[in-house]
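Starting from the known structure of chain A, arrange chains B and C on it as the hints suggest.
From first to last, the protein sequence lines stand for chains A, B and C.
Note that my numbering has the first sequence beginning at 89, numbered continuously upward.
Note that my numbering has the second sequence beginning at 89, numbered continuously upward.
Note that my numbering has the third sequence beginning at 89, numbered continuously upward.
Hint data in this document are derived by calculation from the structure and do not stem from the laboratory.
Treat the hints with care, since some could be wrong.
Because identical chains share one entry, a pair is satisfied inside a single copy or across any pair of copies.
With a cut-off of at most 20 angstroms between alpha-carbon atoms, the simulated SDA-like pairs for lysine to any residue come out as follows [unchecked claim]:
1) 206 <-> 139
2) 111 <-> 90
3) 291 <-> 311
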Amino acid sequence: MFGIPEPLTGANAQAIYDELSDKLARPEFRPRALFERFNIEILCTTDDASDPLTWHQAIRASGWAGDVRPTFRPDALVNIGAPGWRSHLDALGRACGREITSCAALVTALEERRAFFKRMGATATDHGVESAYTAPLDAAEAEAIFARALRGEATADDARRFTGHLLIEEARLSVEDGLTMQLHVGAFRNHDRSVFERFGADKGADIPVATEFTRNLRPLLERFGDDARLTLILFTLDESSYARELAPLAGHYPAVRLGPPWWFNDSLNGMARYFDQVMETAGLWNTAGFNDDTRAFVSIPARHDVWRRASADWLAGLVVRGLVDEPGAVEMAHEMADGLARRAYRLGKA
Amino acid sequence: MFGIPEPLTGANAQAIYDELSDKLARPEFRPRALFERFNIEILCTTDDASDPLTWHQAIRASGWAGDVRPTFRPDALVNIGAPGWRSHLDALGRACGREITSCAALVTALEERRAFFKRMGATATDHGVESAYTAPLDAAEAEAIFARALRGEATADDARRFTGHLLIEEARLSVEDGLTMQLHVGAFRNHDRSVFERFGADKGADIPVATEFTRNLRPLLERFGDDARLTLILFTLDESSYARELAPLAGHYPAVRLGPPWWFNDSLNGMARYFDQVMETAGLWNTAGFNDDTRAFVSIPARHDVWRRASADWLAGLVVRGLVDEPGAVEMAHEMADGLARRAYRLGKA
Amino acid sequence: MFGIPEPLTGANAQAIYDELSDKLARPEFRPRALFERFNIEILCTTDDASDPLTWHQAIRASGWAGDVRPTFRPDALVNIGAPGWRSHLDALGRACGREITSCAALVTALEERRAFFKRMGATATDHGVESAYTAPLDAAEAEAIFARALRGEATADDARRFTGHLLIEEARLSVEDGLTMQLHVGAFRNHDRSVFERFGADKGADIPVATEFTRNLRPLLERFGDDARLTLILFTLDESSYARELAPLAGHYPAVRLGPPWWFNDSLNGMARYFDQVMETAGLWNTAGFNDDTRAFVSIPARHDVWRRASADWLAGLVVRGLVDEPGAVEMAHEMADGLARRAYRLGKA
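So that you can see chain A by itself, here it is in the shape it has in the complex (with noise of 0.2 angstroms):
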């Protein structure tokens, strides 16, 4: 990427930190400039329901051809527990030109949000939670907890329950316009106090828990895990849950896609673990082939690649062992590359 041979060592950080410094000023490796030499077709951000989406805009003003699209992340309105949630539940309001004093009126404006970002572009919704329990609440207990999340007196498990009763609410709401709705489940935020309180929220220190699909989901399934017009993608940093729980609820649920190896997982390694724990049991067209999923721009070519080599070994595996055709792994191979992430992520052909 930078053309640098060498390998990193302690000796020659400075000198090559600086020439990073100084090949990252320069006009070829600005984000456009970068966006064409890797050939990126669709690049998806994530955005706050509130968003304006202002530079999302901006792009589509400049005339520029690249493809970027937001996605509707609505996590700080759904956290009732979340220190800044009253101040995004604000913007939220100006966003929609009205206060919102309800959480009927919450999921109203969460609809209208998710119109504006489909206007936008967006195929997609994107929920991170460190649990995947749902249940549905009635009006009246939804409304009483909102109350008192407004009250600022909202408990750890209100918030807990809210959140429960607002995934099924947005899968509601993707089966009625069709963004796929991915659930990122697992991260334990901020569990460095001293990162956190240096430098604030979601600056890392994120660590996994142990996660339980089977029951959690199983109120939002029941609803809405038969109903092809959902696609739901689950992520997980659990992996004891690949082959216990969501292979064989990708395999069971028409809805239900399984998500790539992520975050800690998305490696050499956490690929092969995943092709070996999850393919047998969901099968290949029940995953969503790949998404890089990264913070760090010019990580994503290399990160495509690690991904296409790892799935062309898997694939050569099989094939070797005669456990499928040579065509049928050429096929496989550009669906894992391509097909399955478009047609989860409803991007249309290539």
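Chains B and C alone, transformed into the frame defined by chain A:
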């Protein structure tokens, strides 16, 4: 099996379906013909504890030489929380010729039925539970729970405790009558409500859950785990328990055998993971070999073939790396294909 | 080791037993002779906190050159729920020359004993707990629990909270005195009641349980996890925590090192799974290399041999696939066999 060489595709699906229907109607695809063609020595069914085993009696009366045996499965009587419990209890009463009005009477009735099954050739019982929880109840508690169940007032916790109590009672009966006890743990049944509502119970969409054995089985094992008269075969859907709990338990307790990879794990990769994670700690001689556990009759040869090839592949790897010698591997291969299962199920020599 | 080439069988068992007994009685199989034959540089025992280390003193006084050091193990004093706790507390009082009548006095006594162990060559402490739970108690709570323990009235929850509090205190003391802190988590001790009743505590039948680190260790890590003066080595019996929790924790916190595969996982396959699941995320330099952790003295060379061969095999695979270069692999091999453990246990250079 059916002489159909081409891979199944959307294009040939209907034609192949028709061909299968046609062939299955022919005399050479009748169950007894397949039984003989498959060279099956012993086939065991699972049957409700109240079942009069009419068809087993008919097979015996028919003069046919095939060895088909029942297996005693009392789940429907043990699970006081299931909707049909009362009607199963009534059926048991009819089978025993008297009404079952207490827990003590239930245990006595089960004991009688076990003796009947044993006379009909059974060598094993089978118990399917969501959790491996065991704990003894004193007589007063057991009767109080049973009385609540009769009145239709048993709680979920009653059901859990009653099952935990009866598993210990069943182990005690196995010590006495020598029936091998199989424990299948960790399936959340009827996960998909729409499938359940359309087609009824046990029609699919069973999804595994995480399973704890170490603490849950201790009350049973501290009574009977060191008793050589008991053979307790443990099956899991949670592979994370293989190396952590099941292999150490099978390695320590004389009564415990580890069953082969079950259900979703009964696959080429599932077998490889089982060998990798279990054998070093449990020891091959503390496993139960292979039983195919299928509901699909024509799949029997393929399943045994996969197990035998996977076993041979694993053993060959041990030989090539110098971990076992060739005569040892040959003996182990025979045990894995035949001897271990015969002894675990007390089926006598070949 | 014993010059016995034939494999062990039922037929030769008695003869080999007799030969072993005979050889173990010879001078060349005395512990010091084996120590020298094994070329051991440093051997560390684990010792009760109250132990006067008489035999360590005797070794030092004997003029023998072997480097044998104690390790500080306060479990018996920390676990107020264990039957012999009071007698261990009394022993500590005798060792310190005064009665221990409060939690504060206990912590002071532990601090004194740590200093004594350190003077006797100790560089580490060892803590064996069923759960990794940590949480600080305020002084009043800690003293109230201690008082209940003195009266024999401590509950199971008291015991859990007291251990969780003292682990943090021990970490604080390690920051001060520089003793490396080892945490061995997840063994359910004395699982087989009949073994326990016949032979007493710690005579076998310990079975692993699922173990949670992310939430449980956070109270300790938010105090000392970023403090480079602490080295905290984590050991698990629950491999599902390798990739999910332990590798990310070791990768993030400067104080954390991941210990080698422990106990049931200290095997050829266990090591391969450890390398596969841990190294990409934790990084080799955040692991503690290998300590054999055996109670079987003559097994020491074989255990290190297995680790070194397994390490070399793993490294060779990385070289062949182009993931590390050969000089890098050579350096890593030396570190895995020697350097990492030396630094983790602060044992100085070879």
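Here is what the structure says about each hint:
1. 206 <-> 139: within (13 angstroms within a copy, 59 angstroms between copies)
2. 111 <-> 90: The answer is within: 7 angstroms in one copy meets 20 angstroms, while 64 angstroms across copies does not.
3. 291 <-> 311: between (36 angstroms within a copy, 18 angstroms between copies)
Violated hints are absent here; each numbered hint is respected by the structure.
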